[in-house]
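Enquirer: Chains G and W are the protein sequences, given in the same order.
Quick note, the first sequence lines up with residues 1 to 352 if you use the numbering used here.
Quick note, the second sequence lines up with residues 1 to 134 if you use the numbering used here.
Hints listed in this document are in silico derivations from the structure and should not be mistaken for laboratory results.
Predicted model only: the values in this text are computed from it and were never measured.
Positions of the beta carbon are idealized from the N, C-alpha and C atoms, including for glycine.
Just so you know, not all the hints are guaranteed correct.
[As the list claims (entries may be wrong)] These stretches of chain G come out as covered by chain W in the derived footprint (C-beta under 8 Å, 3 or more residues):
1) 46-57
2) 270-277
[To be verified] To spell it out: a stretch of chain W is covered by chain G in this simulated footprint if at least three of its residues, at any positions, have a beta carbon under 8 Å from a beta carbon of chain G; those stretches are:
3) 9-19
4) 23-32
5) 64-76
6) 79-85
7) 124-133
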Amino acid sequence: MANILDIRRRIRSVKNTRQITKAMKMVSAAKLRRAQERALAGRPYAQMLTNVLKSLVQRAEIYSPETREPLHPLLVRRPEKSITLIVVSGDKGLAGAFNTNIVKAAARFIESKRGKNIDIEAVGRKGRDYFRRRYKVMRPKAQEQNGDGSTRAAEIQIVGEQVGVLNKIAFDHARELANAVIERYTRGEADAVYIIFNEFKSVISQRVVVDTVLPIGEIGVHEIQQAEEFSEEARRRAAEAAVHSGVGLREADTSEADKKAASFAASQVDYIYEQPAGELFRDLLPKYVAIQVYRALLESVAAEHAARMTAMESATNNASDMIDDLTLAMNRVRQAKITKEIIEIVSGAAAL
Amino acid sequence: MADTIQLEIVTPDRMIVSDAAQEIQIPGKSGYLGILPGHAPLITEIAVGEITYRSGNETKHIAVAWGFAEVLPEKVTILAETAERAADIDVARAQAAKERAEARLKQGGADLDYRREEDALKRAQTRIDVAAKK
Numbered sequence: 001m002a003n004i005l006d007i008r009r010r011i012r013s014v015k016n017t018r019q020i021t022k023a024m025k026m027v028s029a030a031k032l033r034r035a036q037e038r039a040l041a042g043r044p045y046a047q048m049l050t051n052v053l054k055s056l057v058q059r060a061e062i063y064s065p066e067t068r069e070p071l072h073p074l075l076v077r078r079p080e081k082s083i084t085l086i087v088v089s090g091d092k093g094l095a096g097a098f099n100t101n102i103v104k105a106a107a108r109f110i111e112s113k114r115g116k117n118i119d120i121e122a123v124g125r126k127g128r129d130y131f132r133r134r135y136k137v138m139r140p141k142a143q144e145q146n147g148d149g150s151t152r153a154a155e156i157q158i159v160g161e162q163v164g165v166l167n168k169i170a171f172d173h174a175r176e177l178a179n180a181v182i183e184r185y186t187r188g189e190a191d192a193v194y195i196i197f198n199e200f201k202s203v204i205s206q207r208v209v210v211d212t213v214l215p216i217g218e219i220g221v222h223e224i225q226q227a228e229e230f231s232e233e234a235r236r237r238a239a240e241a242a243v244h245s246g247v248g249l250r251e252a253d254t255s256e257a258d259k260k261a262a263s264f265a266a267s268q269v270d271y272i273y274e275q276p277a278g279e280l281f282r283d284l285l286p287k288y289v290a291i292q293v294y295r296a297l298l299e300s301v302a303a304e305h306a307a308r309m310t311a312m313e314s315a316t317n318n319a320s321d322m323i324d325d326l327t328l329a330m331n332r333v334r335q336a337k338i339t340k341e342i343i344e345i346v347s348g349a350a351a352l
Numbered sequence: 001m002a003d004t005i006q007l008e009i010v011t012p013d014r015m016i017v018s019d020a021a022q023e024i025q026i027p028g029k030s031g032y033l034g035i036l037p038g039h040a041p042l043i044t045e046i047a048v049g050e051i052t053y054r055s056g057n058e059t060k061h062i063a064v065a066w067g068f069a070e071v072l073p074e075k076v077t078i079l080a081e082t083a084e085r086a087a088d089i090d091v092a093r094a095q096a097a098k099e100r101a102e103a104r105l106k107q108g109g110a111d112l113d114y115r116r117e118e119d120a121l122k123r124a125q126t127r128i129d130v131a132a133k134k
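All chains should be built: construct the whole structure from the sequences, respecting the hints.
Expert: What follows is the structure, given as structure tokens:
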């Protein structure tokens, strides 16, 4: 039987671990709260931009009158031969199944597009590491090396990565990423652009989705290609962790702000257009793409913190259970020792 | 007619201004626009520049880079990709950005994106100018 000293040491060690996981949980909860606020603060802008575009659609000639073909390159739907896939994962681990879920969903999506050229834009270190192990990174000089004029390193390749930006995400990152994919799309290097990320409405309403970035279908409508809801179990655990860390479960009430945003540029009046509606539309579309990407990044960050909070909550609970078990075992050993000593004394006395 | 007009400036991060103003100047893409309460409904793009508005006895300055404005008789809403109040501008950073852009423009080269660098230069200059007016 283990001796008391060993068990006591074990308990101390587990207690230390519990301290750390608890601290991490609290930190994640605080970060989650902030991330949620940021995601919320970005809503009016996104809503207003969507509204303007919606109302411009009716005024501007965005479809050619004869062929019904869209006049703007970002609206044109082409047969899908090459795809750009933006994968938003986390920079750090210890977040439960967060990164695994993203990577798994990405793998499934890539599998479903088998036979097509896929370019991966990896955001977040964890996803980047996974793809690096599997696929080649596009080399700028691939064209010369391949010798056949193709610029690809392989059928599936990594074309870009952003690592270490997630903890101080700014709109600039989203804009750069959006501009990069827009450029690829207009040059014809990609026929469709998808983004895969963990959608975050609230702690208990999350899913991993593949959303269409380009071509833009209907303004303000998400064309979800693939979605994986959280399991009941995961949701229950997340809810528990949120309650224990003092994070709100429900989506914040934004109906008033939304209503205000909804009236933007949509009044029933005749506006004077400083620029032709078509021109406005053309300038606004890239911003629309950027804001979609920005939303994905913000939600993913919130989801990552939520996942870490949940994981650390379970880790803390497990540590507590372990300490209880160990304490029980220790007491048993101590009792056994005392009993043995008493028996020894008693039998010693009886022998006299 | 009311003698003030409500001004709201919204960026992707937050709403940075919500104020009542007596007059507003915005850098429209086709030139600066002066807006007084009761302006006719108007929609315009905003170029890199400076938004100035008078609220009470104070005149306030805000640097913007690309935006979109809706003007209604009693309200002006501006969507701006970046907008900073004069007091919030990091002058050192703007100065550094300006020098960087200038250096690149001077250096030239085949793969230089002139428009991009010129835009960057203009943005930095605007920020420096606006910051000086605080």
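Enquirer: Work down the list of hints and note, for each, if the structure agrees.
Expert: Quick rundown of the hints versus the structure:
Counting residues of the stretch 46-57 of chain G whose beta carbon lies closer than 8 Å to any beta carbon of chain W gives 4, which meets the minimum of three for the stated coverage. Under the rule that three or more residues need a Cβ within less than 8 Å of chain W, the assignment of the stretch 270-277 of chain G holds, with 6 such residues. Coverage of the stretch 9-19 of chain W by chain G holds. Counting CB-CB distances below 8 Å, 6 residues qualify, and the rule asks for three or more. Chain G is given as covering the stretch 23-32 of chain W, and this holds because 3 residues of the stretch bring a CB closer than 8 Å to a CB of that chain, at least three being needed.
As drawn, the stretch 64-76 of chain W meets chain G at 4 residues by the rule of a beta-carbon pair under 8 Å; at three or more, the given contact holds. Residue count for the stretch 79-85 of chain W with a Cβ under 8 Å from a Cβ of chain G: 3. That meets the three needed, and the coverage hint holds. Requiring three or more residues with a Cβ within less than 8 Å of a Cβ of chain G, the coverage given for the stretch 124-133 of chain W is violated, as only 0 such residues are present.
Checked against the numbered hints above, the structure violates only hint 7.
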